[in-house]
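**Q** The opening residue of the sequence shown carries number 10 in my numbering; numbering runs sequentially from there.
Hints were generated in silico from the structure; no laboratory data involved. A couple of the hints might just be wrong.
Unchecked claim - The calculated SDA-like cross-link candidates involving lysine to any residue, where the alpha carbons are at most 25 Å apart (straight line), are: (1) Lys114 with Gly206; (2) Lys38 with Glu50; (3) Lys38 with Val84; (4) Lys114 with Pro251; (5) Lys38 with Lys198; (6) Lys198 with Val84; (7) Lys198 with Pro261; (8) Lys198 with Glu50; (9) Lys198 with Trp175.
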Amino acid sequence: MSSEEQRIAYADQGWCRAPRELGPDALAKVRSSVRAIAATERPEVVYEEGTRTVRALHGCHRYDEVCAELVRHPVLLDLAEALIGGPVYLYQFKVNIKSPRQGRKWPWHQDYAFWAHEDGMPEPDAVNIALHLDDVHESNGPLTVLDGSHTLGLVATGEAASGRGWHDHVSARLTYTIPEDEIPGLTAKFPPRSLLGPAGTVAAFHPSIVHSSTDNISADRRAVLLLTYNSVSNIPTRLTRPAFLVDPDTTPVRRLANALA
Numbered sequence: 010m011s012s013e014e015q016r017i018a019y020a021d022q023g024w025c026r027a028p029r030e031l032g033p034d035a036l037a038k039v040r041s042s043v044r045a046i047a048a049t050e051r052p053e054v055v056y057e058e059g060t061r062t063v064r065a066l067h068g069c070h071r072y073d074e075v076c077a078e079l080v081r082h083p084v085l086l087d088l089a090e091a092l093i094g095g096p097v098y099l100y101q102f103k104v105n106i107k108s109p110r111q112g113r114k115w116p117w118h119q120d121y122a123f124w125a126h127e128d129g130m131p132e133p134d135a136v137n138i139a140l141h142l143d144d145v146h147e148s149n150g151p152l153t154v155l156d157g158s159h160t161l162g163l164v165a166t167g168e169a170a171s172g173r174g175w176h177d178h179v180s181a182r183l184t185y186t187i188p189e190d191e192i193p194g195l196t197a198k199f200p201p202r203s204l205l206g207p208a209g210t211v212a213a214f215h216p217s218i219v220h221s222s223t224d225n226i227s228a229d230r231r232a233v234l235l236l237t238y239n240s241v242s243n244i245p246t247r248l249t250r251p252a253f254l255v256d257p258d259t260t261p262v263r264r265l266a267n268a269l270a
């Protein structure tokens, strides 16, 4: 797809695939860093509730050189700038990990609900870039989007169940979810699309698109790295969450020279 075709697909569907994958050398470096970070004890490492199974890593670019360079990689940054239409900064960096037969689902939700209500982001003028660190297939909990649902704006959301603050933004008990009784109607109108593909696959999806993922019922890990780039003209008005969840540095990202293929 050309850049213009990508923009059209993104505007119509709320998601699109990148024309290029991340090359094997760069992918291997990122996978190695993620493996090392997941083995550390730090606030940015989140576990499945009641276990020591890693669920997610946050803000890795703030303390890991490989992750910091990935933010500037042309395969990812070029796509973000093309879809936003101008310079961007990194708003969030996370790795969602679903361990074999232990990784739990993410309920139906819209990312922009969190960013608007918690951070005061003025508009959904940001983009999520998803990088598959593993092969993603139907049985290991792929990200599933409702094609075109970004056109709805924010859908009515549920309320926090436990009052644990930001912890409920990263657990299976998300603060802002789509009520279950609305899902059948939404899926009838907006076809579900599972974002499948081999390790190295890159895709983009809109902050307002309704999406979820199922439990990992397979013997294969499913790790997806998610970079959220925000327009430099769309800076949130209040930042109360930890810096590893919402980066306060709004400096425009500059392209990495001599990036690994």
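**Q** Determine for every hint whether it applies to the structure shown.
**A** Hints versus structure:
With a C-alpha separation of about 19 Å, the suggested pairing of lysine 114 with glycine 206 holds against the 25 Å cut-off. Distance hint between lysine 38 and glutamate 50 is fulfilled; the C-alpha atoms sit about 21 Å from each other, no more than 25 Å. A C-alpha spacing of about 15 Å is found between lysine 38 and valine 84, which places the hinted pair at or below 25 Å, so the restraint holds. Restraint check: the Cα-Cα separation between lysine 114 and proline 251 comes to about 24 Å, which is no more than 25 Å; the hinted pair holds.
As the CA atoms of lysine 38 and lysine 198 are separated by approximately 41 Å, the hinted pair breaks the 25 Å bound. In summary, the hint linking lysine 198 to valine 84 is not supported, as the alpha carbons are separated by about 32 Å, beyond the 25 Å threshold. Between the alpha carbons of lysine 198 and proline 261 the distance comes to roughly 37 Å, so the proposed pair goes past 25 Å and is violated. Between lysine 198 and glutamate 50, the direct Cα distance comes to roughly 44 Å. Violation of the 25 Å bound is thereby established for this hinted pair.
About 32 Å separates the Cα atoms of lysine 198 and tryptophan 175, which puts this hinted pair outside 25 Å; it is violated.
The structure does not agree with the numbered hints 5, 6, 7, 8 and 9 stated previously, though it agrees with the rest.
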